[in-house]
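Novice: Just so you know, the numbering used here puts 23 at position 23 of the sequence shown, and the rest follows in order with no gaps.
Worth flagging that the hints you see were computed from the coordinates, not collected in a lab. Careful: at least some of the hints might be erroneous.
When the alpha-carbon atoms are kept at most 20 Å apart in a straight line, the in silico SDA-like pairs for lysine to any residue are as follows [stated by the list, open to error]: (1) K483 x L536; (2) K687 x L668; (3) K941 x P986; (4) K687 x D996.
Using C-beta positions, here's what the derived DEER-type ranges look like [unchecked claim]: (5) V237 x D196: 16 to 22 Å; (6) G553 x A323: 37 to 43 Å; (7) G283 x D443: 41 to 47 Å.
Even for Gly, the Cβ is constructed at its ideal location relative to N, Cα and C.
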Amino acid sequence: MLHRDALALRPVGHPDRSSSFDNLAIVLFIRFQHRGNDQDLDDAVMLHRDALALRPVGHPGRSTSLNNLANVLATRFMQRGNDQDLDDAVMLHRDALALHPVGHPDRSSSLNNLATMLSTRFEHRGNDQDLDDAVMLHRDALALRPVGHPDRSSILNNLATVLSTRFQHRGNDKDLDDAVMLHRDALDLCPVGHSDRSLSLDNLAGVLSTRFQHRGNHQDLDDAVMLIRDAMALRPVGHPHRSSLLNNLATVLSTRFQHRGNDQDLDDAVMLHRDALALCPVGHSNRSLTSNNLAGVLSTRFEHRGNDQDLDDAIVFYRDALALRPVGHPDRSSSLNSLASVLYTRFKHRGNDQDLDDAVMLHRDALTLRPVGHPHRSLSLNNLAAVLSTRFEHRGNDQDLDDAIMLHRDAMALRPVGHQDQSLSLNNLAAVLSIRFEHRGNDQDLDDAVMLHRDALALCPVGQSDRSSTINNLASVLYTRFKHRGDDQDLDDAVMLHRDALALRPVGHPDRSRSLNNLANVLSTRFEHRGNDQDLDDAIVFYRDALALRPVGHPDRSMSLNNLGNMLSTRFKHRRDREDLHDLRWVYDADQLSHDTALEAYATSMQLLDAYMSATASVSSRHNAMKDFPSTLAVDAASCALRRGDVRRAVELLEQGRTVIWTQMTRLRMPLDGLQDLGDHAVALMKKFRHFSSLLDAPPTNHPEGSPRVNVEAEASRYRRLVEDWNRVVEDIRNNEGFSRFLLPPLFSDLQDAARDGPIIVLVASKSSCDAIIIPHKQSPISIKLRINSETLQNLVHRFQSATVPTPAPKSTHSALMKALRELWNDIVYPVVEHLGAVAPSRSRIWWCPTGAFNFLPLHAAGEYRAHGQSLSQLYISSYTPSLTALIRTRRSHDRSLSVPFAAIGQNHPAGHPFTLECVEPELELVRSLLPPPPTVSFTKITSVEATKSRALDALRDNTWLHFSCHGTQNYTEPFKSAFLMRDQPLSLLDIAQTDLSRHELAFLSACETAVGDANTPDEVIHLAASLQFAGVQSVVGTLWSVNDSTVQRLVEAFYKNLCGDGKMNSKRAARALHRAVQLLASDKDMPLDQRIVFIHIGI
């Protein structure tokens, strides 16, 4: 206000009016720098123009006015990006220099100012002449400030800075080395005690950091850190510029972290940025910059460790920085861009739609602040296009896709031939055109994408750092075009280009594994297309190499295992070379040598087994393939973990490597509770998962014998592609909050929940030892070494099988069976019982989860079998479960109908059998009489001619309580053909497994051998009772061997009286009801021992 008053007192014609113009302009410019009000800046420009007009050629103050006007125009250019302001500033500095001829005391200052402005124009337009002129002018200025000149150090610094810029533009090492030398010379002129020493230390550190990034010399990076630390010592606590050094040291430590991965550097960088922020309280001019820097390094730490707090804090600090840069602030567009970027990162991490929409909005706001002519407009166009492209992929809105393409085209127009980012724009536009092609199928988009990637590659000559990525992009889009049109040349070019990209990514390169995987993919396709064995072998080699670069914990490891498994499966089917199935031998080598990686090797092999199996369409084919793998893989892995004292890991490995076929079937029906609440993208993923799962779960095409091989292979290829699509959807689901471990092998902490209602005893039989693991619900698991080895165990199984075979003289087998039961008690069950007291009270429930040969033992019946002797059934109520996951799954609660739908299915004269089962009809009527009457139970009986396969399947689907009374057969050659025999066709185990029984509560199987597994693959637990549990039935009662009619009649009556004698239907009573019924039978000494113990309970 005072300067305005002074101007008013100096009217037109006053000799000092120009000085008043100058003074008022200067103070308005200062106010603009403080508040960012555009009007102050425009007024300052206008007043400096007025002052210049009053200082014509020859006026002693003209050069000062030229300089002042040039400075404010330069500032306005930086603020708004108007080219005219920039050109005017350059012209004014040239005019000022002309007024300072050789010999003039201010000539060096004018040379310096003009050089600085030309350097700014170069950064805006990229004109090499401006950059070279700036270097020349700074050299001339330096010549005017010889050794001893008080300002020599500042000119050395300026020349070094512009040489560093020229290096970054052209990559000439001489410029970079000269910049380092000049900054060292400047530092020499600022000895200890010099006021500019800390600045020189900081500048030299900056250019050394640049040289490190160019050449990778650790000494340069360490020197940069040391120099900034020295500079900080000269700016102690309380120094007004300490915060800037804290920022710089944090930045170079962040660089060192990115190069070496030392967490301490990253944590120090965060701490230093926090300290810098503390020195910039609310109102401090550098607070917004410091908040921005802290946000940046927190974002880096999030990407390194994945700590959500860092990501959320980064967003908070970016928001704070933005709030300090209101409309009109020169750095507002930069803040909008940074905040948008980190919100985009959070969207990709958590999938929250609001973050994505906010990122789009903020990038739009940033673009608005970067109008045509702004130096960063092309960057904003590119960023907005990127998030719109992502939003299209997330929601499928065509407008977002079209807008993204338009924006990328606009960005490319601002990056003409010669622009340093032209190749980036070409790549980006090509990528989004490729996406649009995949969405709409427009050939022009695909051809344009190929052309643009070729143009981008032409701009990346040999030796340029981005060449490998550009080659990879071109190869990928050519591969896409091949799959679309089938042109062999595109496929061959894709192979060649991926080989070129791999050659540019040597051992140690961060993207080498991706290149190996991509090359393997196209070779795999070429093999399928032409059948060249070399392509197949090469693909496997490259998949192996990629897997080796993706250790346990790597996000792409499961994909690599899947790819390698698929290719090994393909080669096995192509050549029938068993060596492809014996790739698991390295596991045993590692275990035998007690190698540190043995457990990892086992886990890897089981993942590979899973991937191999998932590429096989039919269940029977999977079972056959299982025989080609070591049957003891899971138990050997668990035994290995037990020898190392890791009981929890032993349980995890068992769960991962057993019941593989069932696991693959049930995960296709996995519920996705809660995913639909995470936004539109999550809902779309849920639909994709269900779609691909239903396709994979459908029965495979049955090719009759003699079908053309090409048809069979085409079907197999289609199935593998479906598996790949399904795997990709599963990976995307894992990116959503709360689903990070979706369908991954369960952790012990999750598995322990299976013991909620009582401890689980897992029995492990391997060649090295036989062990029991007691898993309580809350306490630590207990490992017990059993008094038996694998050979003795196998012998015991054979003895039980011999003692339970129906014979005309049952007394002859009675003593053999009793002796075997005593041995079972002494060597296996009693050592467990000794430890159970601490976790399970007497007469409570326990669950057995046997593995290997243990599957064929009647563990529930173990005892001393002598007067006053102990037995397990006196102490605990035993149930079985094929796996911990199966038990957890059956406990899922669901709504119960008011009336229990109960189906009794009986077949007394199945197809192909010459005699009639006389007891079937009376048994079903007995069951009816023992059940509560309607409306508690809605009873359906299906017998005789009505009990066909299709009718039985309908009853199976429509009723949640089931009782089967019929012939049951265990097919030992093809266990999935084990069946209940109906009137027309068998109701097979596979028929049951492919039926959704997830709401079913109980199935009583009054048939022979319904709980007998396959000896060749015991850990797959393939029997009728298990199929019902895996299909979803909560409680199943089955038989271990043949059962006679009188046993069934008595046990059925006792079971249902104990289950629902009080008129209530609760399937959780089944185990206790069976336990009491068996005890009742045991009191009858006339009943054969094998019949007293034939029934077992499976489930909850």
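Novice: Now look at each hint and say whether the structure bears it out.
Specialist: Here's how the hints hold up against the structure:
no. : hint                    : in the structure
1   : K483 x L536             : 18 Å, holds
2   : K687 x L668             : 13 Å, holds
3   : K941 x P986             : 18 Å, holds
4   : K687 x D996             : 19 Å, holds
5   : V237 x D196: 16 to 22 Å : 21 Å, holds
6   : G553 x A323: 37 to 43 Å : 39 Å, holds
7   : G283 x D443: 41 to 47 Å : 60 Å, violated
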